[in-house]
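One letter stands for each residue in the lines below.
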Amino acid sequence: MREISVELIRDTVARLAMEACCRLPKSTLDAMRRARESELSPTGRDVLDQLIENAGIAASENVPICQDTGLAVVFADIGQDVHITGGLFEDAVNDGIAKGYTEGYLRKSSVAEPLFERKNTGDNTPAIIHIRLVEGDRITLRLAPKGAGSENKGALHMLVPADGIEGVKKAVVETVRHAGASPCPPMVIGVGIGGNMETACLCAKKACARDADSRNPDPRYAKLEDELLELVNRLGTGPAGLGGSVTAFKVNVEFCATHIASLPVAVNINCNAARHAEAVL
Amino acid sequence: MPATHHLTTPLSRDIIRTLHAGDLVFITGTVYAARDAAHKRMIEALDRGESLPFDPVGQIIYYVGPTPAKPGKPIGSAGPTTSGRMDAYAPRLMELGLAGMIGKGNRSKTVMDAIRNNVCVYFAATGGAAALISRCITSYTVLAWPELGPEALAVMTVENFPATVVADCYGGDLYEEGKKPYQSI
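In order, the protein sequences belong to chains A and B. Residues are numbered in the working numbering as their position in the first sequence, beginning at 1, plus a constant of 893. Residues are numbered in the working numbering as their position in the second sequence, beginning at 1, plus a constant of 62.
The set of hints was computed from the structure by calculation and includes no laboratory data. Hints are not guaranteed to be accurate.
[What the hints assert, rightly or not] Computed spacing ranges between beta-carbons, pair by pair:
hint : chain 1 : residue 1 : chain 2 : residue 2 : range
1    : A       : D1016     : B       : P136      : 57 to 63 Å
2    : B       : E209      : A       : D904      : 27 to 33 Å
3    : A       : D1016     : B       : M63       : 47 to 53 Å
4    : B       : V119      : A       : S1155     : 51 to 57 Å
5    : B       : A65       : A       : H1152     : 40 to 46 Å
Virtual Cβ for every residue (Gly too), placed ideally from N, Cα, C.
Please construct the entire structure, taking both the sequences and the accompanying hints into account.
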């Protein structure tokens, strides 16, 4: 049994929040640079130049890449042999979010209740925490801030098995077509296939928090990722939606077991500021 | 061939008529910052028969909710937010004389019609380029509803703020036209 204190969890989460919001992951920046080389539209290339310059300014001045520093999505893989000391895990994560978003001059974009008062919580809590119990005595924290411009354009399609691969492709392409310029293309598109309503969406979220240079380990799904990318890039939406050949940097697919009668497909779009930061405690 | 314009606010209708979808602009002068909650409050004020906290005639609203300013800086990162969420409110403001909007993303048919009928213009700034854009903003002062935090109504001074004309007063729509040469699905 290894002990990990809530203070360490809090301070790590705070650091990850600031890092994720101000430093674009290398995989996203590399994807941006490759897109700059391949983009056919001169306007699209100008947009990509701006985004690359923006990432440089954000990193060197330690300021947010995007003003929408998002809701804080935290994937926590907790080893079964860890003993968390000094308090509750979820409180530690939320304390870390409050600390990171306040001390890092990040925007507080969370309202406590969605419909009547929509009062800002003032410290960007609560985080959205996905806990998984895993083998070992470590905690892996992956923080993926997610803005609403892209999040609002996601969709869940409850397909049936007869819809098959073509149905999945159509669901993804039409979701991206409908999203248009709003989710700040070029995007990283997360697709979750299988499970039920909530697991399909969680798979999609995990997929869009993956690196832009990652591939699904199953070669069939890796090939599907390539095919989906080729299809969405034929939409012509382009950088900033002003027209072009690069609408998405990458499509990431995750899948899980599903019911004999189901084929859920969730599409969770990430913007050009596809951000995340990870630490292992 | 898209033209480049250097614009100073407020914008006259004659100037707006020279702008065409696809043109690049660099905006200098006063621009107002407002997004969802400030728009809701402006419309509620109008519904009560009150006047707006600023005279919208000839002015531009930038759809933005910036990050907090670091010490010594006028503003934090300040890129555009999704304009479609303001579609329910924008036509009323255009009818009162609002000249332009800066944001990102497609607008409803009602808004596109209002842009044409009221001789207005809709500009896109580059979504995601928030640190770069904030360098063009030299002042940011909250005008009303400070309790809304990043959603407060504010007045900003901008210098050579870069944007692209997406919707002009002739019905031009760059989001529709721009993708056509690259669309094959």
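Hint check results:
no.: 1; hint: A:D1016 to B:P136: 57 to 63 Å; verdict: violated (23 Å)
no.: 2; hint: B:E209 to A:D904: 27 to 33 Å; verdict: holds (30 Å)
no.: 3; hint: A:D1016 to B:M63: 47 to 53 Å; verdict: holds (49 Å)
no.: 4; hint: B:V119 to A:S1155: 51 to 57 Å; verdict: holds (56 Å)
no.: 5; hint: B:A65 to A:H1152: 40 to 46 Å; verdict: violated (57 Å)
Of the numbered hints stated above, those contradicted by the structure are hints 1, 5, listed in ascending order.
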